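Participant: Taken in sequence, the protein lines are chains A and B. Number 41 in the numbering used here belongs to position 41 of the first sequence; there are no gaps in the numbering. Number 149 in the numbering used here belongs to position 149 of the second sequence; there are no gaps in the numbering.
These aren't lab readings, by the way, just hints derived from the structure by calculation. Heads up, none of these hints are tricks.
Taking beta-carbon pairs under 8 Å as the criterion, some of the chain A residues facing chain B (in silico):
| no. | residue |
| --- | --- |
| 1 | Arg350 |
| 2 | Glu457 |
| 3 | Phe486 |
Now the stretches of chain B that chain A is said to cover, found in silico as 3 or more residues with beta-carbon under 8 Å:
| no. | segment |
| --- | --- |
| 4 | 85-93 |
| 5 | 118-128 |
Everything numeric in this text was worked out from a predicted model, so none of it was measured. Built from N, CA and C at the ideal position, the CB exists for glycine as well.
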Amino acid sequence: MGASAPPPETRLVLVGRDGARRIVTAVSRPAEQAGVHIGMPLAKAHALVPDLVTMNAAPAADAAALTRLALWALGHYAPIVAADPPDGLVIDTTGTDRLHGGEERLLTGLVNRLAASGITARAAIAGTLGAAHAAARFLADPVRVVPPGGEAETVAGLPVAALRIDPATAAGLRLLGLDSIGALRAVPRAPLVLRFGTGLGLRLDQLDGIVAEPVEPVRDPELVTVRRAFGEPIGAAETIARYAGLLVHDLCRGLERHGLGARRLDLLFSRVDSGLQAIRVGTALPVRDEKRLTRLLCDRIETVDPGFGIEAMDLTATLAEPLCGRQMAGLIPGEEEADIAGLVDLIANRIGARRLYRLAPVESDVPERSVHRVSPLAPDDGAGWPSRWPRPARLLARPEAIEVMALLPDHPPAAFTWRGVRRMVKRADGPERVFGEWWKRDAERAAVRDYFAVEDEAGKRFWVFRSGAEEAAANGKGRWFLHGIFA
Amino acid sequence: MSASAARAAVADLRDRIRRLDGRAPRDRAALSFGVPEIDARLPDGGLALASLHEVSGGGDDMTGAAAATLFAAAVAARTRGPVLWCLTRADLFAPALAQAGLAPGRVVYVEADDEKSLLACFEEGLRHGGLGAVVAEVARLSMTASRRLQLAAEAGGTLALALRLRRHRGQADAYAEPSAAVTRWRVTALPSAPLPVPGLGRARWRLELVRCRAGEAAEFEVEAADAEGRIALSSGLADRSPAARDGRLGATA
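All chains should be built: construct the whole structure from the sequences, respecting the hints.
Facilitator: Below you can see the structure in the form of structure tokens.
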């Protein structure tokens with residue numbers, strides 16, 4: 001609705017039709033607190049809340065918006081995303097949670113991003129679609145990760161409505177005294193089938209993963225997609241690799257027509273048992289090089305389980321960016337820099353793009369802040385660190401306190417004890433005075449560190465500093481720390 | 001037999017040994033240390049480029065690791081092209097590498113979750129062929145893994161440096177197991193030469209060539225890497241190492 005949306009504190013309900021009656025199909029939180037609930041006749045709701053704001057439900061527009069949301073999730077999270085009307089999204093996170101820093105962080109990030117755009121969402125991850133569906137709606141607050149193998153246990157206490165069954169069946173089960181999924185499991189299956197049909201048993205089996213539950217992934221018709229279907233199902237890794245190469249060839253020609261390069265590719269495998277498997281690879285820069293894209297895809301083939309065979313493969317450039325031509329080779333061979341973009345993409349797809357970086361200088365005197373991570377393909381500006389003072393090869397994650405014997409203020413210590421080993425200082429250099437960044441942090445207004453490089457009898461060199469307020473440092477007081485090791 | 005004929009015969013024998021090792025005789029490109037005494041001890045006249053080399057730190061604590069790191073950085077600095085640095089724990093301080101001659105723009109760091117994916121990234125970097133050197137901080141390196149890496153280094157023509165770090169005191173010596181590496185080095189800090197004024201001079205290392213394929217073990221006392229990644233034989237003390245004096249196979253034959 002955008003800017004025309006009513007403020008969140010409005011007691012708002014959406015109204016739909018059930019035959020001749022007008023009923024409430026959705027309620028805002030303030031209206032819910034006033035006692036209105038979904039399914040209530042509108043006349044009753046008006047009687048409860050006199051200043052109720054009503055709007056007509058628009059199921060078609062809702063479905064379209066849900067599809068748009070699914071396409072957004074497809075671009076950001078995983079190659080297999082499906083809209084689950086009326087109000088859900090199904091995301092197959094297999095193999096992608098790693099890239100988002102784990103399942104918990106994936107879900108939190110997802111919910112936060114949705115919240116930022118005004119959508120209150122709950123999310124759950126579980127081994128089966130049924131369990132995740134139930135956990136997201138009945139357990140998530142606002143996120144829930146069901147441990148692998150713990151699905152049956154987790155949902156046992158939930159009401160039978162969590163099984164995605166129609167309300168009449170749920171009401172019938174409650175009539176029988178079967179309130180929870182756990183209670184439902186305890187009774188024999190056959191009489192239930194006789195009374196409620198096979199749908200109930202199917203939902204239970206889907207919950208346990210005994211019966212597979214295929215999802216129909218959303219596809220953006222504007223994306224460049226190529227497809228190959230096979231008369232005979234294929235399964236061998238070499239065959240998959242060969243067809244992946246052919247698909248990449250077709251895709252690259254499609255991309256070329258649009259002047260695009262792929263930033264992200266999704267290769268979907270439709271299995272004969274109607275299961276879906278997917279590979280997603282990304283690149284740091286737009287690429288239209290067949291060899292490189294094929295290599296990236298083939299590197300991940302081992303993660304695909306072909307099951308009883310694959311009957312179709314779909315390759316989509318989920319993210320594509322304009323690719324301008326570039327002169328490939330100079331006249332003088334051997335002069336140009338080696339191109340490592342291919343290697344960077346390959347490794348980034350294995351271990352996650354955030355784990356691959358270059359370290360670039362930051363203008364900061366505080367040593368631990370003088371380094372920051374940049375993209376491995378970021379242009380090299382040739383900047384370096386000032387090299388007036390030697391820097392240690394290994395820096396401790398946080399400085400460790402040491403006990404020192406210092407003879408004179410402003411002099412290096414004569415001896416120090418670090419990790420239980422006492423070392424005599426034979427030679428030393430310093431002090432190098434580092435002031436706190438008072439213009440960034442108030443706590444560092446008066447902080448001073450005096451760094452010394454010291455060498456012990458064996459020739460081992462350490463980077464120690466005395467920390468304290470400026471006047472204390474002038475008097476030679478302050479605590480000593482070891483921050484790094486030279487050699 | 002004249003000296004030149006003997007040299008030719010030795011060179012021919014070396015080629016035959018290399019062929020038996022499964023290496024083509026042509027890939028003899030080597031990275032010279034620029035120190036004749038050290039280069040003479042290595043069969044290729046320097047660190048063979050398309051090969052795996054192991055570097056470990058002497059001593060039982062993190063100081064050895066730091067010296068080994070600087071030595072590896074100095075070697076990598078003298079190659080051409082980008083450098084891939086694979087690690088599992090990011091306690092490396094990049095300004096120190098820059099001071100050993102390895103400019104920050106040349107190094108791409110890969111932070112792997114575990115040793116297994118670290119070795120996979122190591123191997124991938126070697127096979128790429130466009131890199132100057134690949135450095136990997138590995139704790140354990142089995143014979144099989146080192147053989148794979150050696151083959152990858154040969155295939156890609158890239159210098160491979162396995163930095164064998166001891167993370168804690170109880171860990172066994174990195175060189176207890178055999179490996180397919182062409183050379184194994186151990187770097188230990190030595191007391192630096194006293195200066196006439198208070199302060200710290202250039203650091204000194206004891207550089208041990210623990211193992212060298214088709215060569216002999218040796219030991220040197222060197223001045224630590226300078227801003228271009230060059231090491232130098234420790235002045236005045238060079239003759240103290242008996243290993244550095246004998247040898248020079250080609251000249252004495």
